[in-house]
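Single-letter residue listing:
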Amino acid sequence: MEKLKYERPFIKKLNAGLMNKFGTRTEYTPHTHIDGVAVKELVAKYGSPVFVISEKQIRRNYQNAVRAFKTRYPKVQFAWSYKTNYINAVCNVFHQEGSWAEVVSGFEYQKAKGNGVPGNKIIFNGPDKTVADLELAINDGAMIHIDHFDELYELQELLTRLNKKARVAIRVNMDTGIYPMWDRFGFNYESGQAWNAITKIMASDNLELTGLHCHIGTFMLSTAAYGVAAAKLSDLAMNIKSRFGKIIQYLDLGGGFPSANTLKGSYLPGADIVPSIDEFAEVITSTLLNYGYKQDELPLLILETGRALIDDAGYLLGSVLATKRLSDGRRATIMDFGVNILFTAFWYDHKISPAQEFTHHTEDMVLYGPLCMNIDVVRESISLPLLNKGDQVVVHKVGAYNMTQWMQFIQMRPNVVMIDVNGNPHLIRNKETIDTLHDMEVLPDYLKKFEL
Amino acid sequence: MKLNKNLAVSETGFIFNPTSGDSFTANEIGTEIINLMKESKSIADIKTALLDKYDVEGNQLEKDVDDFMVLLRDNNLIQYER
Ligand SMILES: Cc1ncc(COP(=O)(O)O)c(C=O)c1O
Numbered sequence: 001m002e003k004l005k006y007e008r009p010f011i012k013k014l015n016a017g018l019m020n021k022f023g024t025r026t027e028y029t030p031h032t033h034i035d036g037v038a039v040k041e042l043v044a045k046y047g048s049p050v051f052v053i054s055e056k057q058i059r060r061n062y063q064n065a066v067r068a069f070k071t072r073y074p075k076v077q078f079a080w081s082y083k084t085n086y087i088n089a090v091c092n093v094f095h096q097e098g099s100w101a102e103v104v105s106g107f108e109y110q111k112a113k114g115n116g117v118p119g120n121k122i123i124f125n126g127p128d129k130t131v132a133d134l135e136l137a138i139n140d141g142a143m144i145h146i147d148h149f150d151e152l153y154e155l156q157e158l159l160t161r162l163n164k165k166a167r168v169a170i171r172v173n174m175d176t177g178i179y180p181m182w183d184r185f186g187f188n189y190e191s192g193q194a195w196n197a198i199t200k201i202m203a204s205d206n207l208e209l210t211g212l213h214c215h216i217g218t219f220m221l222s223t224a225a226y227g228v229a230a231a232k233l234s235d236l237a238m239n240i241k242s243r244f245g246k247i248i249q250y251l252d253l254g255g256g257f258p259s260a261n262t263l264k265g266s267y268l269p270g271a272d273i274v275p276s277i278d279e280f281a282e283v284i285t286s287t288l289l290n291y292g293y294k295q296d297e298l299p300l301l302i303l304e305t306g307r308a309l310i311d312d313a314g315y316l317l318g319s320v321l322a323t324k325r326l327s328d329g330r331r332a333t334i335m336d337f338g339v340n341i342l343f344t345a346f347w348y349d350h351k352i353s354p355a356q357e358f359t360h361h362t363e364d365m366v367l368y369g370p371l372c373m374n375i376d377v378v379r380e381s382i383s384l385p386l387l388n389k390g391d392q393v394v395v396h397k398v399g400a401y402n403m404t405q406w407m408q409f410i411q412m413r414p415n416v417v418m419i420d421v422n423g424n425p426h427l428i429r430n431k432e433t434i435d436t437l438h439d440m441e442v443l444p445d446y447l448k449k450f451e452l
Numbered sequence: 001m002k003l004n005k006n007l008a009v010s011e012t013g014f015i016f017n018p019t020s021g022d023s024f025t026a027n028e029i030g031t032e033i034i035n036l037m038k039e040s041k042s043i044a045d046i047k048t049a050l051l052d053k054y055d056v057e058g059n060q061l062e063k064d065v066d067d068f069m070v071l072l073r074d075n076n077l078i079q080y081e082r
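Here the protein sequences come in this chain order: A and B.
Take the first sequence: its position 121, counting from 1, is numbered 121 in our numbering, and each next residue is one higher.
Take the second sequence: its position 39, counting from 1, is numbered 39 in our numbering, and each next residue is one higher.
Bound-form chain A, shown alone (with noise of 0.2 Å):
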């Protein structure tokens, strides 16, 4: 006689009355596919976790943005934030959309460049450009935007050995009504050290000003503040036409767009009040339309927005390692990933879904990732169907800042696999194995040997 498929016994008292605090039901609905290939097959075939990235969902998010804007606003150009996500695979698919590139460091640079951006093409933004950054940044005609006074003068040092010029804007941060006002990155409006900056640069016979920059900050809930930011700029750049006759020829907007997650502690769903792309746009541009610029005089609008157009396409499919009851009585599973790799879980309370079919029972549990630290916390408390060893789930909206912040700690990095738009999976990167640590690592020769 066959046997009976298996399912782990199971009880729960009835609280008459009372809400489910651990989420909604659409989290246990089973996710078996993504783009159309299945997420057992993606597993048996790349490993457990693995990340995994639509083609389809960038160019969906680039699109509708590079819409809200463009039938907003005449002149709008975006500019990828390479350290949202730099696999070059990613990156490609937004440079064959028309993104420019946005980087923040000299490895960026080199990343953007090695992808085939020309240097006028590639902003440079960030506190940390070395001398030889730089260097390398003003011949190839990059859009450097100064960060501090030191930077500038140094800048201006390098030009003038060189004797070259270069193209600059300054990063400029402000007071937009938002707690914490992020006042470290670029020179202040409010205090007039932008200003100061600005006229240092406009006496200065080997910089050109070429645009203003600002990033107010990250997953920003009010479209308001980017009316300000847009303002404040305007003001800048009405000022320098005034005072010294130059055109400003572009504003840099940053990013800070949110993406559709829950952020900690949120009682509803990030999808259910974050604000739209469309709302951001109508903000900025309405903003710049009404500054009182003359139609030929309008600045180009560029946008750096990293996070809310790649979120979404990103998934983590990961296992069940061990499941365990904890000493209060609550039921713990143990994931094959944790915080190594999906940082986000220190922000989010992400979406994750069962990758197979189940019935109806759902339990409260703890997630945790794999390793030995009791930070390793996926989700605090869930609800999800009676989950066995081995079971594979779906973390959803996962694109932003994991594959570039993540760890080796413990574990080492999983494979990433990019599906195309035809819904065939690509290997976009390479797990690491342990010839990567050693590939890195030097043994003096006197240590090689012990008897133990």
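Errors might be hidden in some of the hints.
[Said to hold, decoys possible] Some chain B residues flagged as far from chain A (calculated, every beta-carbon gap over 10 Å):
| id | residue |
| --- | --- |
| 1 | A26 |
| 2 | G30 |
| 3 | N75 |
[Claimed, not checked] With the C-beta cut set under 8 Å, the calculated list includes, among others, these residues of chain A facing chain B:
| id | residue |
| --- | --- |
| 4 | K5 |
| 5 | R8 |
| 6 | F10 |
| 7 | A68 |
| 8 | L162 |
| 9 | T359 |
[To be verified] Computed list of lysine to aspartate or glutamate pairs in DMTMM-like fashion (alpha-carbon distance at most 25 Å, straight line):
| id | chain 1 | residue 1 | chain 2 | residue 2 |
| --- | --- | --- | --- | --- |
| 10 | A | K13 | B | D22 |
| 11 | A | K389 | B | E39 |
| 12 | A | K12 | B | D74 |
| 13 | B | K53 | A | E7 |
| 14 | B | K63 | A | D391 |
| 15 | B | K47 | A | E154 |
| 16 | B | K41 | A | E7 |
| 17 | A | K3 | B | E28 |
| 18 | A | K389 | B | D66 |
| 19 | A | K389 | A | D328 |
| 20 | A | K389 | B | D67 |
| 21 | B | K47 | A | E2 |
| 22 | A | K13 | B | D67 |
Simulated from the structure, these hints should not be mistaken for laboratory data.
The beta-carbon is built from N, C-alpha and C at its ideal position, and this holds for glycine as well.
Put chain B with the ligand on the given structure of chain A with help from the hints.
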């Protein structure tokens, strides 16, 4: 270990404890275990019966049934004799 024999168990896995007024929902195999316990079957016999019937490894079943007993105890449905 003793199951509260007054428990009302429906075929659909709805369980009512008249002593405390609590109600519960159990899945199919959970309901089956409770019914077998009501018939005073021993835990060892129950495990053997389930092993014959379901597609599951012995270790897994052992672990899960033991865990189920903890759940029953936590919900005051069984008492351990001392
Ligand atoms: C200068 C700059 N631009 C753009 C971004 C991308 O931001 P987001 O992913 O919030 O859109 C960042 C992220 O920190 C940044 O520092």
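A quick look at each hint next to the structure:
no.	hint	verdict
1	A26	4 Å, violated
2	G30	4 Å, violated
3	N75	6 Å, violated
4	K5	6 Å, holds
5	R8	5 Å, holds
6	F10	5 Å, holds
7	A68	46 Å, violated
8	L162	70 Å, violated
9	T359	6 Å, holds
10	K13(A) with D22(B)	7 Å, holds
11	K389(A) with E39(B)	31 Å, violated
12	K12(A) with D74(B)	11 Å, holds
13	K53(B) with E7(A)	12 Å, holds
14	K63(B) with D391(A)	17 Å, holds
15	K47(B) with E154(A)	77 Å, violated
16	K41(B) with E7(A)	21 Å, holds
17	K3(A) with E28(B)	15 Å, holds
18	K389(A) with D66(B)	16 Å, holds
19	K389(A) with D328(A)	22 Å, holds
20	K389(A) with D67(B)	15 Å, holds
21	K47(B) with E2(A)	18 Å, holds
22	K13(A) with D67(B)	16 Å, holds
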